[in-house]
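Participant: Full structure from sequences and hints, please.
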Amino acid sequence: MDWLTEFPELGRRDLRDFRKGIDEGFKSFTREYGEGIENFFDPLLQFLIWLEKLLLATPWPLFILIVAGLGWLASRSIKIVIGSAVSLFLIGYLGMWEDTMSTVSIIIVCTLLCIGLGLPIGIMMSRSNRAQAIVTPVLDVMQTIPSFVYLIPVVMLLGIGKVPGLISVVIYALPPMIRLTNLGIRLVDREVLEAADAFGASPWQKLTQVQIPLALPNIFAGVNQTIMMSLAMVVIASMIGVTGLGQPVLKAISNQYLAMGLLNGLAIVALAIIFDRISQSYGKRLQNYRGGQDE
Amino acid sequence: MKKQILAVSLLAASTGAFAGGHAPCGDVVIGEMNWASGEFLARVDGLIMSEGYKCNVEYLTAGTMPQITSMTEKGTPDIASELWANAAAVAIDAAVAENRLVKLNPAPITGAGEGWMVSAAAAKAHPELKTIDDIIARPDLFPHPEDPSKGGLHNCPSGWGCQLATANLFRAFDMEAKGWKLIDTGSGAGLDGSIAKASERNENWLGYYWAPTTLAGKYDLKLVDFNSGFDQDHWDNCIVKPVEECDSPKRSTWTVSEVVSLAQVDFTERAPAVAEYVKARTFDADLLNKYLTYMADNQASGEEAAEEFILNEEATWSKWVSEDAAAAIKKAL
Numbered sequence: 207m208d209w210l211t212e213f214p215e216l217g218r219r220d221l222r223d224f225r226k227g228i229d230e231g232f233k234s235f236t237r238e239y240g241e242g243i244e245n246f247f248d249p250l251l252q253f254l255i256w257l258e259k260l261l262l263a264t265p266w267p268l269f270i271l272i273v274a275g276l277g278w279l280a281s282r283s284i285k286i287v288i289g290s291a292v293s294l295f296l297i298g299y300l301g302m303w304e305d306t307m308s309t310v311s312i313i314i315v316c317t318l319l320c321i322g323l324g325l326p327i328g329i330m331m332s333r334s335n336r337a338q339a340i341v342t343p344v345l346d347v348m349q350t351i352p353s354f355v356y357l358i359p360v361v362m363l364l365g366i367g368k369v370p371g372l373i374s375v376v377i378y379a380l381p382p383m384i385r386l387t388n389l390g391i392r393l394v395d396r397e398v399l400e401a402a403d404a405f406g407a408s409p410w411q412k413l414t415q416v417q418i419p420l421a422l423p424n425i426f427a428g429v430n431q432t433i434m435m436s437l438a439m440v441v442i443a444s445m446i447g448v449t450g451l452g453q454p455v456l457k458a459i460s461n462q463y464l465a466m467g468l469l470n471g472l473a474i475v476a477l478a479i480i481f482d483r484i485s486q487s488y489g490k491r492l493q494n495y496r497g498g499q500d501e
Numbered sequence: 003m004k005k006q007i008l009a010v011s012l013l014a015a016s017t018g019a020f021a022g023g024h025a026p027c028g029d030v031v032i033g034e035m036n037w038a039s040g041e042f043l044a045r046v047d048g049l050i051m052s053e054g055y056k057c058n059v060e061y062l063t064a065g066t067m068p069q070i071t072s073m074t075e076k077g078t079p080d081i082a083s084e085l086w087a088n089a090a091a092v093a094i095d096a097a098v099a100e101n102r103l104v105k106l107n108p109a110p111i112t113g114a115g116e117g118w119m120v121s122a123a124a125a126k127a128h129p130e131l132k133t134i135d136d137i138i139a140r141p142d143l144f145p146h147p148e149d150p151s152k153g154g155l156h157n158c159p160s161g162w163g164c165q166l167a168t169a170n171l172f173r174a175f176d177m178e179a180k181g182w183k184l185i186d187t188g189s190g191a192g193l194d195g196s197i198a199k200a201s202e203r204n205e206n207w208l209g210y211y212w213a214p215t216t217l218a219g220k221y222d223l224k225l226v227d228f229n230s231g232f233d234q235d236h237w238d239n240c241i242v243k244p245v246e247e248c249d250s251p252k253r254s255t256w257t258v259s260e261v262v263s264l265a266q267v268d269f270t271e272r273a274p275a276v277a278e279y280v281k282a283r284t285f286d287a288d289l290l291n292k293y294l295t296y297m298a299d300n301q302a303s304g305e306e307a308a309e310e311f312i313l314n315e316e317a318t319w320s321k322w323v324s325e326d327a328a329a330a331i332k333k334a335l
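Protein chains in written order, with the working numbering: chain A, 207 to 501; chain B, 3 to 335.
Think of the hints as simulated: they come from the structure by calculation, not from any bench.
All residues carry an ideal CB built from backbone N, CA and C; glycine is no exception.
Mixed in with the good hints there might be a few duds.
Said to hold, decoys possible - For the chain A half of the interface with chain B, some residues (derived, Cβ under 7 Å), not all of them:
1. R222
2. R225
3. K233
4. V361
5. G365
6. G367
7. I446
8. N461
Claimed, not checked - In silico DSS-like cross-links for lysine-lysine, where the CA-CA straight-line distance does not exceed 25 Å:
9. K226/A x K220/B
10. K152/B x K259/A
11. K332/B x K281/B
12. K233/A x K220/B
Facilitator: Structure, rendered in structure tokens:
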């Protein structure tokens, strides 16, 4: 009865050859195409470096003013404005300004990329059930696969530094953007669409003037989630050489520096709360008209 | 019933073996390090002890610091085959002074060392780069990925001791003024990845690494000649300190890494024959690299590599063990 208790596994040698085959295949792929792929991503790298330099060159009062201004425009809440200004000031005062700017620059690029990629994919998914059936499992994989697993091939292809870090962050932060865009558009009332049809709207007009505006609160929730998840990935991205707040956290972990880890961790939290409050209250304000309709 | 018979016959077999050979060595816990060469050394020791000296071998796998702490505080493992003693020189020296631990073999590996290394491609394409000064003069050969006008030196991940030493030596060699920038690798995996990527594509690479390691062996990294003197006092009080605490770092060669086989004193008394073996065994750097490369190429475990070693290198290991043990190991093959 051995065959019942012993799992019929691939022989040790076969398994090894199998793994070796995959590894060798990937290695020859990187040798062949690695440089081309690296060149392909070069504009992105240049943009990242440019943005980081820009943020670092921006006088700090100006940066705080811009964030506070954005907070006011988005939320019209004095509490949010003061809260963001004070926490940014504290971050700078505690010596984390430069790392914070690096982190902000990578988060901005990541968010822009996620919106640029996620919006069209989400729209495509909402228009075709087949596309949804194909994309959904891919999103599941992207969200659940341990990030260390794809760090290996990303580093082999692109080396260490900003771009591979950005890619691993995008892989993790993109799914909510796609999912919520898809959901938002699918949730638009059928009657509204029928009304649009009755007015003779073309599919493009329907999409840009009816569906997307009505889905905006959900899309904004997606942007918000994307920002939150990319901030959560900052520490992992630092493991492959992305500068920013993640690096002192890693250093603190390996050296048991309690205060250093706590301060930098709290700076990430502060950034997250600032981004979250601003984007969420903007999303909420977009929904205000709904309250008006119901009353 | 069947089990009992098996147990009895096993007992008979083992006592039979003792009768012909050494006194029983009993239970041994081997501290297995959680990196490739540490795994390999521990498994070779384990195989030789269990087959040659009929020890009852167990492995305890951990990193350097937990091993040392456990050895000094808990009295186990009995032996650590490959221990990088610099990491906790004070604790080890204290335990040695109290006659609890003994540096059974002061150099189980020849050619062990750390420092700045260049990739094989760089060493081959530019034989004129003989010392660190030659390399520093050519930042264009090692472009920084984010700023190609500068040269890039891959530093250790933050938090490792070597990060401070590299950063201070970077200042000591005045590399910033000569067009260089440090590259932060973020983690051990990041550092390894940068080496694998550069070596697979025959690119130039310069950075910190150590040997014997899978990567240094597999990709044939070359240690850079630092062409400087060494002052232990300056190294201990400046080079390995944070940048703020080292005002004027001076150029220096890398400190010599002390790699030892560390054992509990009571274990050496319990199993003197095994202790003799540990004292005698030395892995030559090329030999070790051969098996580390074998492990990397075949994704083999330390255990498999150790079996391979015992099978193929009889001429080497038979010199380390007593005749009886050699005969027993050969029989087990």
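Participant: Against which earlier hints does the structure fall short, listed by number upward?
Facilitator: none
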